[in-house]
Amino acid sequence: AQSVTQLDSHVSVSEGTPVLLRCNYSSSYSPSLFWYVQHPNKGLQLLLKYTSAATLVKGINGFEAEFKKSETSFHLTKPSAHMSDAAEYFCVVSDPSSGYALNFGKGTSLLVTP
Amino acid sequence: GAGVSQSPSNKVTEKGKDVELRCDPISGHTALYWYRQRLGQGLEFLIYFQGNSAPDKSGLPSDRFSAERTGESVSTLTIQRTQQEDSAVYLCASSFSGTSGIHEQFFGPGTRLTVL
Chain X
1379 AQSVTQLDSH VSVSEGTPVL LRCNYSSSYS PSLFWYVQHP NKGLQLLLKY
1429 TSAATLVKGI NGFEAEFKKS ETSFHLTKPS AHMSDAAEYF CVVSDPSSGY
1479 ALNFGKGTSL LVTP
Chain F
3 GAGVSQSPSN KVTEKGKDVE LRCDPISGHT ALYWYRQRLG QGLEFLIYFQ
53 GNSAPDKSGL PSDRFSAERT GESVSTLTIQ RTQQEDSAVY LCASSFSGTS
103 GIHEQFFGPG TRLTVL
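Chains X and F are the protein sequences, given in the same order. For the first sequence, the residue numbers in our numbering are 1379 to 1492. For the second sequence, the residue numbers in our numbering are 3 to 118.
Among the hints, erroneous ones may be present.
Cross-link-like lysine-lysine pairs, in silico, DSS-like; alpha carbons within 27 Å at most [unchecked claim]:
| no. | chain 1 | residue 1 | chain 2 | residue 2 |
| --- | --- | --- | --- | --- |
| 1 | X | 1427 | F | 13 |
| 2 | F | 17 | X | 1427 |
| 3 | F | 13 | X | 1446 |
| 4 | F | 59 | F | 17 |
Counterexamples of contact, computed for chain X against chain F with all Cβ distances above 10 Å [what the hints assert, rightly or not]:
| no. | residue |
| --- | --- |
| 5 | 1390 |
| 6 | 1402 |
| 7 | 1439 |
| 8 | 1455 |
| 9 | 1457 |
| 10 | 1481 |
| 11 | 1492 |
What the hints contain is simulated information worked out from the structure, not anything from laboratory work. Since this is a predicted model, take the numbers as computed values, not measurements. By construction, the Cβ of each residue, glycine as well, lies at the ideal position given by its N, Cα and C atoms.
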């Protein structure tokens, strides 16, 4: 079985300050981990993915995430938030047990204030 | 095509009616997935097709839900005798292969289903 827990349902940051969105996972296999972003009335977009290569993964728009097996975490970070980063962010795990269907967390809503 | 397309974009139906949702995957993608997103929630996996193999139906919430796929092309998700709890956005995704976790799943824009 596999699952993800996003530790914060809402995160609010000021523009120009760092972003940290937290995610913990569980998997009986070596999982693939993803972060997806969903802007209002837009489709899901892949930010970055981890598939057992480098543990620090760089994605689009300045986001990155670090896979920490000992902590079963895959937190998403960005050094400096931009207003356009306001969106819903989903941490996702997949493994062979589900045919690589994606198992989504409940999401974290990121608010960026001026 | 340029991306995954879904139709209709919006569907309003009355409780008890049947609905059919369509997904056109990206050409060449052998894997196709259906997900459901209820208001304020993450996505729930419904069903997965990989090439000509038998689909993985483990996520379907009840026997009112079914899906078909013709070869490696169009898929339809059918919900019979719709209930109000079926109201959600239904998302389709496709990828090159479902046999490896490294292939990105590309999502369609979704069909917003409202059951009155």
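So, going through the hints one by one against the coordinates:
no., hint, verdict
1, X:1427 with F:13, "33 Å, violated"
2, F:17 with X:1427, "40 Å, violated"
3, F:13 with X:1446, "42 Å, violated"
4, F:59 with F:17, "24 Å, holds"
5, 1390, "17 Å, holds"
6, 1402, "14 Å, holds"
7, 1439, "16 Å, holds"
8, 1455, "20 Å, holds"
9, 1457, "25 Å, holds"
10, 1481, "7 Å, violated"
11, 1492, "25 Å, holds"
Checked against the numbered hints listed earlier, the structure breaks hints 1, 2, 3, 10; every other hint is satisfied.
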